[in-house]
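Asker: Given chain A's structure and the hints, the job is docking chain B onto it.
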Amino acid sequence: MTGALQRFLPLIVTTAVLVVGFLICAAQFPNFASWRVVANLLTDNAFLGITAVGMTFVILSGGIDLSVGAVIGFTTVLLAVLIEHGGWHPVPAFAVALIAAGGFGAAMGGVIHVFQMPPFIVTLAGMFIARGLGFVLTTDSVPINHPLYGELNDMALRFDFGLKLSLPALLMLGVVAAAVVLAHWTRFGANLYALGGNRQSAELMGVPVARTTVAVYALSGLLAGLAGIVFSLYTGAGYSLAATGVELDTITAVVIGGTQLTGGYGYVVGTFVGVLIQGLIQTYITFDGTLSSWWTKIAIGVLLFVFILLQKGLLTVWAGRGGEPAEA
Amino acid sequence: MTASTAPPSAPLLAIRGLSKAFLGVQALDGVDFTLRHGEIHALLGENGAGKSTLIKTLTGVYQRDNGTVALEGREIAPRGVEEAQRLHIGTVYQEVNLLPNLSVAENLFLGRQPMRWGLVDRGAMRRRARAVLQPYGLSVDVTAPLGRFSVATQQIIAIARAVDMSAKVLILDEPTASLDAQEVAVLFKVMRTLRSRGIGIVFVTHFLDQVYEVCDSITVLRNGRLVGERRTADLPRLDLVAMMLGRELEAAAHRIDLGPAEVDSRPPLASFKGFGKARSVEPFDLDIRPGEVVALAGLLGSGRTETVRLVFGMDRADRGEATVDGRAVRLKGPRDAVRLGFGFCPEDRKKEGIVGELSVRENIILALQARQGWLKPIPRRRQEEIADRFIRLLDIRTPDAERPIQLLSGGNQQKALLARWLATEPRLLILDEPTRGIDVGAHAEIIRLIERLCADGMALLVVSSELEEIVAYSRRVVVLRDRRHVAELRGGEVSVERIVAAIASETPNVAGSGAEVRQ
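Quick mapping for you: the protein sequence lines, in order, are chains A and B. Numbering of the first sequence is given in this note's numbering, commencing with residue 1 and proceeding in unit increments. Numbering of the second sequence is given in this note's numbering, commencing with residue 1 and proceeding in unit increments.
With the rest of the complex left out, here is chain A:
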């Protein structure tokens, strides 16, 4: 099965980088290799992971969604305003936030499809609109003090061997698992890959292009909304400037995870590993204590560059074998 090996190579390389990175950290810091570090890694990056899953789908379909960071920020503000100023119970507030975020994404998808506009521009506009809407609601950072927030933050799944998974971590793992099923065991998933491979061919083969485009941006918005809920749980506040630049972090995770920016090739699991690699670098710098946190950015930048070169190299190798005769 050399064919399978070839297809999964980017994923294998990404996973190897994560494992090697973890081993290096563990060798350097005696307390690193613990369930506690693993649990924190998952919790701290939960909102990023959830958002990155949506971004993976959008990129697989040949698009991009620059609005996700702004949608997270808007969601946190919306929740804070509804709960603290409006006196809402968090559960209906969550529902409203998810519907608003999903609807926002669907609207962008609709504009992209109907007017045949580049997703980059449409979602860039969406980014400004979502950020702006957050400021319209309030310019302050509003703390959320509802008792349910405390309860949700205390919720955790404890395993006998010592792992304790928080609610955000569980949500992220659940989203990733559901996304894998969606990508590979549903027609919607196949249509996404088809759309990213070649839009025109996909249309000729009967893929419902309009529906799929709207759905994928709606999904990305919905997951950004969910990430916003997780983020507000995590920080216990709503602030318009929250999650600035997260769209770029998620794109980075997607690319490090082996998904091609041009669409059509990639795996959700790769994105998950990409998120963990970013989190690992962050954790390393926290453990070290002397390094500036900007080293995170530099390390991620270098890694991103290496992965893009790797993909390019693999593509060239495959293209060279394009004429491989079929065993007819």
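It is worth saying that the hints were derived from the structure and are not from the lab. None of these values were measured; they are calculated from a predicted model. All residues carry an ideal CB built from backbone N, CA and C; glycine is no exception. Among these hints, one or two may not hold up.
Residues of chain B clear of chain A, computed beta-carbon distances all greater than 12 Å [what the hints assert, rightly or not]:
id, residue
1, T59
2, Y93
3, E95
4, P100
5, E106
6, R112
7, D121
8, E174
9, S280
10, E292
11, L340
12, Q383
13, L407
14, T424
15, I447
16, G491
Computed spacing ranges between beta-carbons, pair by pair [to be verified]:
id, chain 1, residue 1, chain 2, residue 2, range
17, A, L248, B, S196, 57 to 65 Å
18, B, A131, A, I24, 44 to 52 Å
19, B, G137, A, I24, 46 to 54 Å
20, A, L261, B, E229, 35 to 43 Å
21, A, K312, B, G111, 53 to 61 Å
22, A, A125, B, V355, 30 to 38 Å
23, B, V329, A, I24, 30 to 38 Å
24, A, F305, B, P267, 55 to 63 Å
25, B, A131, A, T262, 27 to 35 Å
Away from chain A, derived, C-beta distances all over 12 Å, residues of chain B [said to hold, decoys possible]:
id, residue
26, D32
27, V61
28, T68
29, G80
30, T91
31, T143
32, G228
33, R231
34, G291
35, G320
36, E321
37, R335
38, G341
39, R392
40, D395
Answerer: Only chain B this time, still in chain A's reference frame:
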């Protein structure tokens, strides 16, 4: 050649009086077309004949203006590719319209994956994919991405998908254009198998040999009208070519007078020996002397354009050698060709020639400036001199040299393009369809211009579909068929009848010998 299944009374597909116009241009005018069960039917015609309009109307891409389309006696009017597919009309294009990033199995079952418990049953999909491909003699790894396989294999997979989606009518639009002989043989085997299952195949191709090898019937279109439908067995090649080109050639074969061929002993300016490229054009020999017009004649897709692309270095030859002035040269790209003093006016002015937003002057100066290098700009005054000179010389109708070239008529654009290359004072000028799409007056002017340039000692290599035109100005005509140079006519031999006879000639010939026309 009949189907194994008993043919029902109604033909599989009956098109009657089909018409379609675009912006007042009649692309199809009352065309009839009949496809029977278990038949491979060639749809032939030159540029602008209406083949692709007919196919696109059939597959729902266009809506017809007039006429009827009946499938097994039932009137149909598909409004899209999907609907056509549901009506059992499947199409496979030259560029395979499948998805290279998906696996073979996913390509076969996209949109109709086998489901279990609401999820795609990937195991069943793989098993069924293998079963679907098995009759085609294709045992490939169905989980591998489609892009890893050759075009031929992809094409068979596309056919398998179309047939599996219960196609009764299969349209193959130039499927063999990028296949080699062995791959074509495999494809034909598949086509014959499908025919024996009662499927009707519409086969669009430019290769006459393939038509005679695999087709039962032939329908020829010309300028949007039906020329005729014949059984392949009853239609000699000469008559077929005459139908396609629209000429009355009842006694053509007899009227050829065997005048002596002039032999030109002057040393050639450019000489090509065994020059060729796999999947583009078979190796050929070609000499071009100063002051002579060499024309390339043949049907659409016969390798004319491919030949000039090789000569100009736009495609790289993978065999043979080229000499200019007796010295071996390498043509790695158009830059090399330009440095050797070659010029090239492409067929598709809009795509490869003019820069619409730039002025007439800027368009004319382009090639000269490119040759000088962009770091040494030609002074504005000199540019104006050159532009004005050619506007006068070629009688380019424009109020002034600063007008954007896209505002000029087709004929004047063509003349400005010619001026671009003439400004570089080429020794060999290549013209691909220099008179296409321009009006009759401009047409005559271009021909006069060609004669004048040649009298000035320039060598010209001209591709043209207008046989009268070729005969009017050519000293030598190279005839191509099926990507091969099949004959070369010289001096007194050059006539429309002989060219047609050479295009229709049956035996494969050695490039450039011209033996069969002079026998």
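Asker: Now tell me, hint by hint, if it's right for this structure.
Answerer: Here's how the hints hold up against the structure:
1. T59: Violated: least Cβ distance 9 Å, not greater than 12 Å.
2. Y93: 9 Å, violated
3. E95: 9 Å, violated
4. P100: Label violated. Min Cβ-Cβ 6 Å, cutoff 12 Å.
5. E106: 6 Å, violated
6. R112: 8 Å, violated
7. D121: D121/B not clear of chain A: closest Cβ-Cβ about 9 Å, inside 12 Å.
8. E174: 16 Å, holds
9. S280: 15 Å, holds
10. E292: Consistent with the label, E292/B stays out of reach of chain A, its closest Cβ about 40 Å off (over 12 Å).
11. L340: Check passes; 32 Å lies beyond 12 Å.
12. Q383: 37 Å, holds
13. L407: 28 Å, holds
14. T424: Check passes; 36 Å lies beyond 12 Å.
15. I447: 41 Å, holds
16. G491: 44 Å, holds
17. L248/A x S196/B: 57 to 65 Å: Hint holds: Cβ distance 59 Å, inside 57 to 65 Å.
18. A131/B x I24/A: 44 to 52 Å: The hint (44 to 52 Å, Cβ to Cβ) holds, given that A131/B and I24/A are roughly 50 Å apart.
19. G137/B x I24/A: 46 to 54 Å: Given a distance of about 52 Å, which is inside 46 to 54 Å, the answer is holds.
20. L261/A x E229/B: 35 to 43 Å: For E229/B against L261/A, whose Cβ atoms are near 51 Å apart, the range 35 to 43 Å is violated.
21. K312/A x G111/B: 53 to 61 Å: At roughly 32 Å between Cβ atoms, G111/B and K312/A fall outside 53 to 61 Å, so the hint is violated.
22. A125/A x V355/B: 30 to 38 Å: At roughly 32 Å between Cβ atoms, V355/B and A125/A fall inside 30 to 38 Å, so the hint holds.
23. V329/B x I24/A: 30 to 38 Å: 58 Å, violated
24. F305/A x P267/B: 55 to 63 Å: Given a distance of about 57 Å, which is inside 55 to 63 Å, the answer is holds.
25. A131/B x T262/A: 27 to 35 Å: 33 Å, holds
26. D32: 27 Å, holds
27. V61: 10 Å, violated
28. T68: 25 Å, holds
29. G80: 9 Å, violated
30. T91: 8 Å, violated
31. T143: 7 Å, violated
32. G228: 32 Å, holds
33. R231: 32 Å, holds
34. G291: Nearest chain A Cβ is 44 Å from G291/B, so the label holds.
35. G320: 22 Å, holds
36. E321: 26 Å, holds
37. R335: 25 Å, holds
38. G341: 36 Å, holds
39. R392: Per Cβ check, R392/B is outside 12 Å of chain A; nearest 45 Å; holds.
40. D395: D395/B is indeed farther than 12 Å from all Cβ atoms of chain A, at 43 Å.
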